[in-house]
Amino acid sequence: MSTQMNRLLLAFERILREANREAINPILDELTVDDLKPVANLVARARADYLKHLHELAKQYESKDGLPDEAEMKVLATKRQRFIDLVEGSKSVETAIQRGYLDVKGG
Numbered sequence: 001m002s003t004q005m006n007r008l009l010l011a012f013e014r015i016l017r018e019a020n021r022e023a024i025n026p027i028l029d030e031l032t033v034d035d036l037k038p039v040a041n042l043v044a045r046a047r048a049d050y051l052k053h054l055h056e057l058a059k060q061y062e063s064k065d066g067l068p069d070e071a072e073m074k075v076l077a078t079k080r081q082r083f084i085d086l087v088e089g090s091k092s093v094e095t096a097i098q099r100g101y102l103d104v105k106g107g
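Residues in the sequence shown are numbered from 1 upward in steps of one, following the UniProt record's numbering.
Simulated from the structure, these hints should not be mistaken for laboratory data.
Be careful, since some hints might not be right.
Straight-line alpha carbon distances no greater than 25 Å define the calculated DSS-like cross-link-like pairs of lysine-lysine that follow [stated by the list, open to error]:
#, residue 1, residue 2
1, LYS59, LYS37
2, LYS74, LYS64
3, LYS37, LYS74
4, LYS91, LYS79
5, LYS37, LYS79
6, LYS52, LYS64
7, LYS64, LYS91
8, LYS79, LYS64
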């Protein structure tokens, strides 16, 4: 990779960091570990709900030849998507902290 390209990429990274910090930091207070617990708990509850439904379906169809019907799969898909969206949200919070978009109390 050329020196010019490296400089351009470094400048772009700086621009992204500044833009994200300017957009995100003013709307969220400084974070503490306690502030992150509700995020973790929400993701955990969504995971538990999704896995519980999957387990219930598996038990229901354990001794049957059939598979869950469309309505049952729609419920499972909704629970899975909720879980995935919340996981991605929590990863976004983690990334925002790592990249300095958010202020951290005591950090």
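Now the hints, each set against the structure:
no.	hint	in the structure
1	LYS59 x LYS37	violated (32 Å)
2	LYS74 x LYS64	holds (20 Å)
3	LYS37 x LYS74	violated (30 Å)
4	LYS91 x LYS79	holds (18 Å)
5	LYS37 x LYS79	holds (21 Å)
6	LYS52 x LYS64	holds (19 Å)
7	LYS64 x LYS91	violated (39 Å)
8	LYS79 x LYS64	holds (23 Å)
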